[in-house]
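Residue numbers (the numbering used here), protein chains in the order written: chain A, 1 to 312; chain B, 313 to 624; chain C, 625 to 1025; chain D, 1026 to 1426.
These aren't lab readings, by the way, just hints derived from the structure by calculation. Note that beta-carbon positions come from the ideal geometry of N, C-alpha and C, so glycine has one too. Just to be clear, a hint being listed does not mean it is correct.
Okay, derived cross-link-like pairs now, DSS-like style, lysine-lysine, Cα gap no bigger than 25 Å in a straight line [stated by the list, open to error]:
{"no.": "1", "chain 1": "D", "residue 1": "Lys1390", "chain 2": "D", "residue 2": "Lys1214"}
{"no.": "2", "chain 1": "B", "residue 1": "Lys511", "chain 2": "D", "residue 2": "Lys1214"}
{"no.": "3", "chain 1": "A", "residue 1": "Lys199", "chain 2": "C", "residue 2": "Lys1023"}
{"no.": "4", "chain 1": "C", "residue 1": "Lys835", "chain 2": "A", "residue 2": "Lys264"}
{"no.": "5", "chain 1": "C", "residue 1": "Lys989", "chain 2": "C", "residue 2": "Lys813"}
{"no.": "6", "chain 1": "C", "residue 1": "Lys1023", "chain 2": "B", "residue 2": "Lys511"}
{"no.": "7", "chain 1": "A", "residue 1": "Lys264", "chain 2": "C", "residue 2": "Lys813"}
{"no.": "8", "chain 1": "D", "residue 1": "Lys1424", "chain 2": "A", "residue 2": "Lys199"}
{"no.": "9", "chain 1": "B", "residue 1": "Lys576", "chain 2": "B", "residue 2": "Lys511"}
{"no.": "10", "chain 1": "D", "residue 1": "Lys1236", "chain 2": "D", "residue 2": "Lys1390"}
{"no.": "11", "chain 1": "C", "residue 1": "Lys989", "chain 2": "C", "residue 2": "Lys900"}
{"no.": "12", "chain 1": "B", "residue 1": "Lys576", "chain 2": "D", "residue 2": "Lys1143"}
{"no.": "13", "chain 1": "C", "residue 1": "Lys989", "chain 2": "C", "residue 2": "Lys901"}
{"no.": "14", "chain 1": "D", "residue 1": "Lys1302", "chain 2": "B", "residue 2": "Lys511"}
{"no.": "15", "chain 1": "C", "residue 1": "Lys989", "chain 2": "A", "residue 2": "Lys199"}
{"no.": "16", "chain 1": "D", "residue 1": "Lys1390", "chain 2": "D", "residue 2": "Lys1302"}
{"no.": "17", "chain 1": "B", "residue 1": "Lys576", "chain 2": "D", "residue 2": "Lys1424"}
{"no.": "18", "chain 1": "A", "residue 1": "Lys264", "chain 2": "B", "residue 2": "Lys576"}
{"no.": "19", "chain 1": "A", "residue 1": "Lys264", "chain 2": "A", "residue 2": "Lys199"}
{"no.": "20", "chain 1": "D", "residue 1": "Lys1214", "chain 2": "D", "residue 2": "Lys1301"}
{"no.": "21", "chain 1": "D", "residue 1": "Lys1236", "chain 2": "C", "residue 2": "Lys1023"}
Residues of chain A clear of chain D, computed beta-carbon distances all greater than 12 Å [stated by the list, open to error]:
{"no.": "22", "residue": "Thr158"}
{"no.": "23", "residue": "Gly165"}
{"no.": "24", "residue": "Glu281"}
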Amino acid sequence: MDFELSGDQVDLQEGMRKLCEGRFPMETVRELEASDGVDRALWSELVDAGVFTLRAPEADGGVGLGSAESVLVFEELGRACVPGPLVASEIAASNEVVGIVERARGPVVIEYWNVLDRLLVLESNGIAEVDPASVVAARSEHPVDPLTPIWIAERLPTGVQVGDGELASRVRLNGALLTAAIQLGLSEAVLDVAVAYAKERQQFDRPIGSFQAVKHMLADMLVRTEVARAAVYAAGVTIDDPSVGDVDRAVSAAKITAGDAAVKNGKAAIQVHGGMGFTWEVDAHLYLKRAWALDTAFGSPDFHSELLATRL
Amino acid sequence: MDFELSGDQVDLQEGMRKLCEGRFPMETVRELEASDGVDRALWSELVDAGVFTLRAPEADGGVGLGSAESVLVFEELGRACVPGPLVASEIAASNEVVGIVERARGPVVIEYWNVLDRLLVLESNGIAEVDPASVVAARSEHPVDPLTPIWIAERLPTGVQVGDGELASRVRLNGALLTAAIQLGLSEAVLDVAVAYAKERQQFDRPIGSFQAVKHMLADMLVRTEVARAAVYAAGVTIDDPSVGDVDRAVSAAKITAGDAAVKNGKAAIQVHGGMGFTWEVDAHLYLKRAWALDTAFGSPDFHSELLATRL
Amino acid sequence: MAGVAMNLRDSDSDAAFRAELRGWLAEALPGFPPDRPGEDDWQGRREYDTAWQRTLFEAGYAGIAWSEEVGGRGATPTEQLIFLEEAEKAGAPYVGVNFVGLLHAGPTLYAEASVEQKAAHLPRILRGDEVWCQGFSEPSAGSDLASLRTRAIRDGDEYVINGSKIWTSHAQVADYCEMLVRTDPDASKHRGISWLIVPMATAGIDVRPLKTIVGGSEFSEVFLDNVRVPVANRVGDENDGWRVAMVTFSFERGTAFVGEMLQSMQLVRDLAQVAKKVTRGSATAWDDAGLRREIGHLSAGLDALWALTKRNVSQASRNGVPGVGGSVFKLHYSETRHRLGELTMRVLDRASLSMLDVSGLRSGKHVEGHLHAISISIAAGTSQIQRNIVAERVLGLPKDR
Amino acid sequence: MAGVAMNLRDSDSDAAFRAELRGWLAEALPGFPPDRPGEDDWQGRREYDTAWQRTLFEAGYAGIAWSEEVGGRGATPTEQLIFLEEAEKAGAPYVGVNFVGLLHAGPTLYAEASVEQKAAHLPRILRGDEVWCQGFSEPSAGSDLASLRTRAIRDGDEYVINGSKIWTSHAQVADYCEMLVRTDPDASKHRGISWLIVPMATAGIDVRPLKTIVGGSEFSEVFLDNVRVPVANRVGDENDGWRVAMVTFSFERGTAFVGEMLQSMQLVRDLAQVAKKVTRGSATAWDDAGLRREIGHLSAGLDALWALTKRNVSQASRNGVPGVGGSVFKLHYSETRHRLGELTMRVLDRASLSMLDVSGLRSGKHVEGHLHAISISIAAGTSQIQRNIVAERVLGLPKDR
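This is chain A alone, in the form it adopts within the complex (with noise of 0.2 Å):
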């Protein structure tokens, strides 16, 4: 056992670091607003980067690393709070802007709807393509990330099968594991943001940080980000190798802790920057928000605290 990164880890981690404060800087985040999350320069430089193509075989001209991997550069992105439909992307790992969704009994939220290439339907007992442009939605004027354009489909087109149950399980199981990733990157940033926060803004002639009720908010924050971190990269590690544990106890543990890490942090930091952090201006909700939008994504903390109670 060495639960600790590698040195090709800790390069693959910062090299995807590097890349993302290159091209994903707040700023661009911001007005990637206009373009429905998706600019296709950047997008091709993710796809150059390999991002999409990390776990694929080197054989289908993929980088042929593993979910370990796949976790640290998804954990960058969420850092970054780079915004589209990343997750469903590497899933299909594709090169085009694929999307994914849960065929349900009601109404249908697809997320970047207007730029996908591809749309991908996750069945009962199976996985169906369609095509996104004989799909019939409405735009939601206002999401509740501006990052994450959402479009309501009364209902789905049948489409054309392309997987089966196991193949869909499967999807399941590696996107509530990438939307971990994103989770916990979104906690690790959203703390580093409240905590640069602390140190500078001075309040009763003291930073705000000296205060032990901002101290402690803080602090419990990164509690929940290391909480989620060995989770989420357990998790990673686990699908690689399933002899370890539990495969699916692990992606929901990490789903779960994850889950939790962003939105709190999210919260906490708002309340950290007090009033500044009600503006639009102060980046802390771009991150919260981002965490509200995942907490749904392959399944709610409720969907994964049920699915682990079952394997108890």
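Following the hints, put chains B, C and D in place on chain A, whose structure we already have.
Here is chains B, C and D on its own, set in the frame of chain A:
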């Protein structure tokens, strides 16, 4: 509307507080463990003070006051951490020591069984009276609250029907109300204990109550107490005058908020005391344990939450 | 016992007041346009809100809590509660742009201003002729309000003001701003502040909308560049403005959150209805015992807060001054609204991604309510500041600073 | 990639160690009495625990983490984790009365004591011949340990000690106490402390059991009345005892809570089983979606903590020194155990009134677990202190004192 105590009510409250301070200081309360929570001489003093007949009509030898007043009295009993089947005995408007239990599908936990003169059993559609001596019950040698000794009966005799379904409902309602009043008193008392300690205990050359972390724990305790007080008093007033609101709803809100305050304040008080709070010698745990023992009496918070939901 | 003991019943006079008010609302509201102009139409909103204020004034309901000598109704805190309750239940317009004038600047003027200043403003505020805004907070003075830095330098009969203010509601359409400025930078921070009446039409004032995380621009920033205001516009002594500003806080009679409270209770009832429509597995969210129970639990918290409101109002009626009931209320209300917001997201599941209703499901206001909740634990004293207040003033714990 | 990248698999040598250990446990345990003597039988427990320690010693498993030169196994942190994991899974006896000697006093002696002191104690501790207890905390020195007041005054070749210690485990049956005493009352508080080896048989030592809220007397108070100890029993320099004591904390390699963690995970699994037996309405507590989900949620938290344990151990293996992983772990573990306790009460409903099983329902240990949880957020640094540590040492926030 005047939701402040009247002069008479303040007098009643203060009188009861003095009685409890005189007769039930914590040393005495602790000693009551030896007599399974009830000392007949002390019980008589409560009887003489009219604690159990406060709401009985004067024609029946009662004091003829309302639920608002009985709430004030039971709040003081809670504040003093007085043990014994107080609520059941008041509901029976009896000078005897009375127990009330819910008939259940499984085993039934009976509090104070060996000191009971009478035992009432709430059924799905009425009330039965059972001779306590006819019940086969095994003592638990380690009750969670040392002052709430318990016995477990695998089954209860049928008993004699003494009330209909409507009376059973009224008993449940009043049982929840008075239990909530005791819980309110516990919340206040344990807050007082914690505040006193925080002012006196020095660490790092300062009273610990000057640290924000401790201060804010105590502030939250006060908030819970005052929220519970509003709910409990409102429930008492509403039972007396159902024209001002939904009685069931008011009582459920009281039981939930007072239960929450008593348990959380108990835990917080121990945390404020640090290691000393984990000793038997410091009183904090006695309040918490009583709060636990009462939490499931006359409906747990979960039970009342469900009830409230159905009344929305 | 009835009538003397603690009770929640209307007294005879309160019952009469309620009945009369209810009758009047039933008559007045149908003649009033139901829809307040939208977010970007500040002028339209000013007209709408002030028209309603004039309607109230003409019916004798303006300035419910103001004394009769300045044209108010001189109502008790209980009557004020009844007014707010009935207005909310009847769906009457909110106080809107009249908020600062009626509830903050007006009461301050009434308590501290000169005879001339009162005569110039109070009747106009009551009639809806004059709209006020507040210039207290600054970007660098939030929780530590007294550290404000906007400077006013005396130049003959005028103050020359430079600086900026933030969180100013209705600045776009206000006629006046109650403003705290620093007149003595060398004094200790609470001692060098003055309270000024600043006409918003004065040259050098620039109002810029401040976008919040909800998306709209409910608030503004106000930038002050050599703004000249007559010394005669000062209320109270020079450098005594902190005390003047604090006077108004004692005007709070426990009713600050009545409208919000009633809306929150409605929100929970509506959430229960929404839960019955959201599919969850093969049933609905309402069929889930856990979610249902949490809705019930939240409802208990709000019922308790509504009772606490009545206690706070009763205390204000008896004592005339507010206790720390307001801080206690706000702490629990903030927490409850945060919990409600979190529960909302769980109940709505995928529909929580939209701040607008999702195909027939009335979910939008619940999501927006969650965003609003975030401001409650921050605005008008963060929960951290409120806990300090409660701990120090009620529990007598040592000051930390 | 395998072998170099982050992984949770046993290395070949770890797998061999685990297999060998598992084999040995399977052979050794059946010959060992299964039941540890009860609460009041301190002497019996000493004999039981030290017999197991001698068994471990003879098999080469004593002092897993101690270096080979003092008779330990010199195992890596990962092997230590494997040892604790396999011992727990096999139901082996706990470290018991050997705790302080093996995990605290011993490592301190190893790092700081003289050759003679080491020779006198270390081999005996490893063999289970010598039992130690700890005399650090005092009634008035809890979170602020360095404010301890127990005085040691030098009198020729001896220190004369007066004062009292609290939270001393196994004091009744210990041979020695590692004790912090104040040798210079005029120095700043961290600078006037010395670290002494105090033989518990010395005249003037009075051990009184301390009853905890769980009901038992796991701990004692130790009163010291003119207790004479040779100066030769001091470890490290006079007045340098604070540094000596801190050395041991760096010995923590992320494994402090392994046994507790595995027990907690078992507790959640057992709670699920209990929930299936507790009646709730016309079904069981397990049929309640809300309760079931909360059990699942807690299980997620514990799974994450188990992964965090492995991260902390891996870090210790790489760096040799502990990070603040321990504080992070303890904060979340405390919170998780509190939540588990609260959930336990809800699941058990009326059975939660008993700390013993209720008519066939295996509920007792769950209620007792809730009481135990209360100590977790207090002992070895309250959650408040831990948050300060995390905020200041990891996040670099300014010190508050």
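Results for each hint:
1. Taken as a hint, the Lys1390/D and Lys1214/D pair is broken in the structure, with Cα atoms around 42 Å apart against an allowance of 25 Å.
2. Between the alpha carbons of Lys511/B and Lys1214/D the distance comes to roughly 22 Å, so the proposed pair stays at or under 25 Å and holds.
3. Straight-line distance between C-alpha atoms of Lys199/A and Lys1023/C comes to about 22 Å, which keeps the hinted pair within the 25 Å bound.
4. For the hint linking Lys835/C to Lys264/A, the alpha-carbon distance of about 23 Å falls within 25 Å, and the restraint holds.
5. Taking the CA atoms of Lys989/C and Lys813/C, the gap is about 42 Å. The hint is violated against a cut of 25 Å.
6. Pair hint Lys1023/C plus Lys511/B holds up; C-alpha atoms about 11 Å apart against a cutoff of 25 Å.
7. Of the pairs offered as hints, the one joining Lys264/A and Lys813/C is violated, with about 36 Å between alpha carbons and a cut-off of 25 Å exceeded.
8. Using a Cα cut-off of 25 Å, the hinted pair Lys1424/D and Lys199/A holds, with the two alpha carbons roughly 11 Å apart.
9. The straight-line distance between the Cα atoms of Lys576/B and Lys511/B is roughly 20 Å, inside the 25 Å bound, and the hint therefore holds.
10. For a cut-off of 25 Å, the pair hint linking Lys1236/D to Lys1390/D stands: about 19 Å separates their Cα positions.
11. Between Lys989/C and Lys900/C, the direct Cα distance comes to roughly 16 Å. Compliance with the 25 Å bound is thereby established for this hinted pair.
12. Taking the CA atoms of Lys576/B and Lys1143/D, the gap is near 48 Å; set against the 25 Å cutoff, the hint is violated.
13. Distance check on the hinted pair: Lys989/C and Lys901/C sit about 15 Å apart at the alpha-carbon level, within 25 Å; holds.
14. Taken as a hint, the Lys1302/D and Lys511/B pair is broken in the structure, with Cα atoms around 46 Å apart against an allowance of 25 Å.
15. As the CA atoms of Lys989/C and Lys199/A are separated by approximately 36 Å, the hinted pair breaks the 25 Å bound.
16. A C-alpha spacing of about 15 Å is found between Lys1390/D and Lys1302/D, which places the hinted pair at or below 25 Å, so the restraint holds.
17. Of the supplied pair hints, the one linking Lys576/B and Lys1424/D is violated, its CA atoms being roughly 29 Å apart against a limit of 25 Å.
18. In summary, the hint linking Lys264/A to Lys576/B is supported, as the alpha carbons are separated by about 21 Å, within the 25 Å threshold.
19. Taken as a hint, the Lys264/A and Lys199/A pair is honoured in the structure, with Cα atoms around 20 Å apart against an allowance of 25 Å.
20. Between Lys1214/D and Lys1301/D the alpha-carbon distance is near 55 Å, which puts this suggested pair outside the 25 Å criterion.
21. For the proposed pair Lys1236/D and Lys1023/C, the alpha carbon gap of about 35 Å is over 25 Å, so the pair is violated.
22. Here Thr158/A stays apart from chain D, with its beta-carbon at least about 32 Å from theirs, past the 12 Å limit.
23. Against chain D, the non-interface label of Gly165/A holds: every CB pair exceeds 12 Å, the least being about 23 Å.
24. At the 12 Å boundary, the C-beta of Glu281/A stays outside the reach of chain D, the nearest C-beta of that chain being 24 Å off.
In the structure shown, a violation is registered for the earlier hints numbered 1, 5, 7, 12, 14, 15, 17, 20 and 21, in ascending order.
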